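Visitor: Chains as they are written, first to last, in my numbering: chain A, 1 to 114; chain B, 1001 to 1114.
No wet-lab data here; the hints were simulated from the structure.
Treat the numbers as computed from the prediction; the structure is a model and nothing was measured.
Incorrect hints may appear among the rest.
Partner residues are not named here, just some residues of chain A that face chain B (Cβ under 8 Å, in silico) [to be verified]:
{"no.": "1", "residue": "Gly-43"}
{"no.": "2", "residue": "Leu-44"}
{"no.": "3", "residue": "Asn-101"}
{"no.": "4", "residue": "Leu-102"}
Sample of chain B residues lacking proximity to chain A, with all beta carbon distances greater than 12 Å (derived) [stated by the list, open to error]:
{"no.": "5", "residue": "Arg-1015"}
{"no.": "6", "residue": "Gln-1044"}
{"no.": "7", "residue": "Ser-1102"}
Output of the computed footprint for chain B on chain A, the stretches with three or more beta carbons under 8 Å from beta carbons of chain B [as the list claims (entries may be wrong)]:
{"no.": "8", "stretch": "45 to 58"}
{"no.": "9", "stretch": "103 to 109"}
The C-beta atom is built at its ideal place from N, Cα and C for all residues, glycine as well.
Now for the letters of each chain:
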Amino acid sequence: GNSVTQMEGPVTLSEEAFLTINCTYTATGYPSLFWYVQYPGEGLQLLLKATKADDKGSNKGFEATYRKETTSFHLEKGSVQVSDSAVYFCALSEAQTGANNLFFGTGTRLTVIP
Amino acid sequence: ETGVTQSPTHLIKTRGQQVTLRCSSQSGHNTVSWYQQALGQGPQFIFQYYREEENGRGNFPPRFSGLQFPNYSSELNVNALELDDSALYLCASSLGSGAPRSQYFGPGTRLTVL
Chain A
1 GNSVTQMEGP
11 VTLSEEAFLT
21 INCTYTATGY
31 PSLFWYVQYP
41 GEGLQLLLKA
51 TKADDKGSNK
61 GFEATYRKET
71 TSFHLEKGSV
81 QVSDSAVYFC
91 ALSEAQTGAN
101 NLFFGTGTRL
111 TVIP
Chain B
1001 ETGVTQSPTH
1011 LIKTRGQQVT
1021 LRCSSQSGHN
1031 TVSWYQQALG
1041 QGPQFIFQYY
1051 REEENGRGNF
1061 PPRFSGLQFP
1071 NYSSELNVNA
1081 LELDDSALYL
1091 CASSLGSGAP
1101 RSQYFGPGTR
1111 LTVL
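Extracted from the complex, chain A is given alone in its bound form (with noise of 0.2 Å):
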């Protein structure tokens, strides 16, 4: 089956450090991989994706490249800013036909302090 592992937060980093936030899939087939992020009492918000092995997603300093031999979507961003503390999300969409619904990891709660 479809799954997302996300790893486990919260994660509390100061202005520009570096971030990472890993996140493992399991897919039957060849999945989309996505990135959502979701500010408070907020709904989601794409934040980048990638369609087929080895591409890499970019938006706003935000940078995850799709790893197919070790299954990963890893998202990282060189200098996070007080503005990026949020609840960040990994999914994966496979369906070809029919519904494209996500899967979601459970999220890694990014707090940026000054």
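Once you've looked at the hints, dock chain B against the given chain A.
Guide: What follows is chain B alone, placed relative to chain A:
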């Protein structure tokens, strides 16, 4: 371009009651998916509608039902509410079904069952 909107924002019901949640998809999107997000968890897929037909369903009982209208807006109905139905209900829209189409989420409806 109008994003995904949901109503109401918050809702309080008692056990055994029925509830209807509403979602308007992003302009031009013909596919709507519904997710349940329990506190501290990642969203779980309920079902997806594509061109007014259900084309995928997660592991939720039949008392969770839905509709999609010709303008692609959607409703989620939950009958015989249980305490465990308390959650944030998220609607997401996309253009077409099947991966790797990105899903765009609304702000959610917070349902509390007492």
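Visitor: Against each hint, give a clear statement of whether it holds in the structure.
Guide: These are the hints, each one checked on the structure:
1. Interface restraint check: Gly-43 (chain A) against chain B, minimum CB-CB distance 4 Å, threshold 8 Å, status holds.
2. A hinted interface residue such as Leu-44 (chain A) counts as satisfied when its beta carbon comes closer than 8 Å to some beta carbon of chain B; here the least separation is about 4 Å, so the hint holds.
3. At its closest, the beta carbon of Asn-101 (chain A) sits 4 Å from a beta carbon of chain B; the interface hint therefore holds under the 8 Å criterion.
4. At about 6 Å, the closest approach between the beta carbon of Leu-102 (chain A) and any beta carbon in chain B falls short of 8 Å, and the interface hint on this residue holds.
5. Chain A leaves Arg-1015 (chain B) outside its interface by the beta-carbon criterion, the shortest separation being 26 Å against a cut-off of 12 Å.
6. Separation of Gln-1044 (chain B) from chain A is inadequate, the least Cβ-Cβ distance of about 7 Å not exceeding the 12 Å criterion.
7. At the 12 Å boundary, the C-beta of Ser-1102 (chain B) falls inside the reach of chain A, the nearest C-beta of that chain being 5 Å off.
8. Check result for the stretch 45 to 58 of chain A against chain B: holds, 4 residues qualifying (beta carbon to beta carbon below 8 Å, three or more required).
9. For the stretch 103 to 109 of chain A, the stated coverage by chain B is satisfied: 5 residues place a CB nearer than 8 Å to a CB of that chain, which reaches the threshold of 3.
The earlier numbered hints that this structure contradicts are 6 and 7.
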